[in-house]
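When you get a sec, could you build the whole thing from the sequences and use the hints?
There are 2 protein chains.
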Amino acid sequence: MTVQYFEDYAVGQIYHSGTHRIDKEQIVVFAKQFDPQPYHLDDEAAKNSPFKGLAASGWHTAAITMRLLVGGEFRPAGGILGVGFDQLSWPRPVRPGDELRVTSEVIELRPSKSRTDRGMVRVQNTTLNQNGEPVQIFTGNLIVPRRPAGGAAQRY
Amino acid sequence: MTVQYFEDYAVGQIYHSGTHRIDKEQIVVFAKQFDPQPYHLDDEAAKNSPFKGLAASGWHTAAITMRLLVGGEFRPAGGILGVGFDQLSWPRPVRPGDELRVTSEVIELRPSKSRTDRGMVRVQNTTLNQNGEPVQIFTGNLIVPRRPAGGAAQRY
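Protein chains in written order, with numbering that gives the first Met the number 0: chain A, 0 to 155; chain B, 0 to 155.
Hints should not be assumed to be uniformly reliable.
Because identical chains share one entry, a pair is satisfied inside a single copy or across any pair of copies.
[To be verified] Dumping the calculated SDA-like pairs for lysine to any residue here, alpha-carbon to alpha-carbon at most 25 angstroms: (1) Lys46 x Val2; (2) Lys31 x Arg94; (3) Lys31 x Gln3; (4) Lys23 x Pro110; (5) Lys31 x Gly131; (6) Lys112 x Arg20; (7) Lys112 x Gly77; (8) Lys23 x Ile13; (9) Lys31 x Ile21; (10) Lys51 x Ile136; (11) Lys46 x Arg114; (12) Lys112 x Leu127; (13) Lys51 x Ser113; (14) Lys46 x Pro75; (15) Lys46 x Pro133; (16) Lys23 x Val69; (17) Lys51 x Arg100; (18) Lys51 x Ile142.
These are calculated hints, taken from the structure and not from any lab test.
Quick caveat: nothing in here was measured; it's all calculated off a predicted structure.
In structure tokens, the structure reads:
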């Protein structure tokens, strides 16, 4: 699959990713390192929490989402280079055994005013479980290079 | 340190975390698993990227930030339970050798209308490097239980 330049994007385009199955071991390993709270570490403690059962750290879901994006169809030249994002939400827990995938919709294109070689692409990324239910939604603001003059490959 | 209930928070309060020093190995290990793009994996490739040198994945910075929050002074009863957040930005790269810490400022308190046992605390979390420069800023929306009647400890 070839990479995409700013000119290749249009509002409304939808890109898909592969899938990633998360299991209890992954959830606990990530939580021990980055989010050691009982409902991400221990089945029994999680039962008595608002999650009512073991759930992945939201930051784990975010990291898996990034991995799926990097391997997916949305492939801007220069990489997926985010300067930040808006309004991330985790509408429901991610459980052991869930199979996650991401759909990415281009929602806005903004040429850079100061740099003529790039633009900003706003992409809404929805992470879904195996039932098609969203587990994470966020809008990323990505810097994407414009197609170089003459069509030569650009080392970005 | 005792945990904090919704009633214990006030707009303007600032909480601090400990520190975490990130090195090249951590950056590469995280990137291989979750964000395998050249500027997070390889010094030479990173030199020719917009980062102009090896930089941590933003999601790695986010995960370290969560780890610092969990170990820090901001300690709501029931844990740091985010339903999402607004406007995360990564204003500058995180480099090997950077020492990160987080300051958290309470910016809004919103009692729940539907659930009398909890409220929403909005907290702006700024992750700083050893020079006091922000490397990540986001506003989290956290669910925090109210202090139980009679002061008894509540298993949340």
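Here is how each hint holds up against the structure:
no. : hint            : verdict
1   : Lys46 x Val2    : between (45 angstroms within a copy, 20 angstroms between copies)
2   : Lys31 x Arg94   : both (16 angstroms within a copy, 23 angstroms between copies)
3   : Lys31 x Gln3    : between (37 angstroms within a copy, 23 angstroms between copies)
4   : Lys23 x Pro110  : neither (43 angstroms within a copy, 34 angstroms between copies)
5   : Lys31 x Gly131  : neither (28 angstroms within a copy, 27 angstroms between copies)
6   : Lys112 x Arg20  : neither (41 angstroms within a copy, 37 angstroms between copies)
7   : Lys112 x Gly77  : within (19 angstroms within a copy, 46 angstroms between copies)
8   : Lys23 x Ile13   : neither (31 angstroms within a copy, 35 angstroms between copies)
9   : Lys31 x Ile21   : both (16 angstroms within a copy, 17 angstroms between copies)
10  : Lys51 x Ile136  : within (22 angstroms within a copy, 30 angstroms between copies)
11  : Lys46 x Arg114  : between (52 angstroms within a copy, 20 angstroms between copies)
12  : Lys112 x Leu127 : neither (35 angstroms within a copy, 29 angstroms between copies)
13  : Lys51 x Ser113  : between (50 angstroms within a copy, 19 angstroms between copies)
14  : Lys46 x Pro75   : between (42 angstroms within a copy, 19 angstroms between copies)
15  : Lys46 x Pro133  : within (22 angstroms within a copy, 37 angstroms between copies)
16  : Lys23 x Val69   : both (23 angstroms within a copy, 21 angstroms between copies)
17  : Lys51 x Arg100  : within (24 angstroms within a copy, 31 angstroms between copies)
18  : Lys51 x Ile142  : between (39 angstroms within a copy, 15 angstroms between copies)
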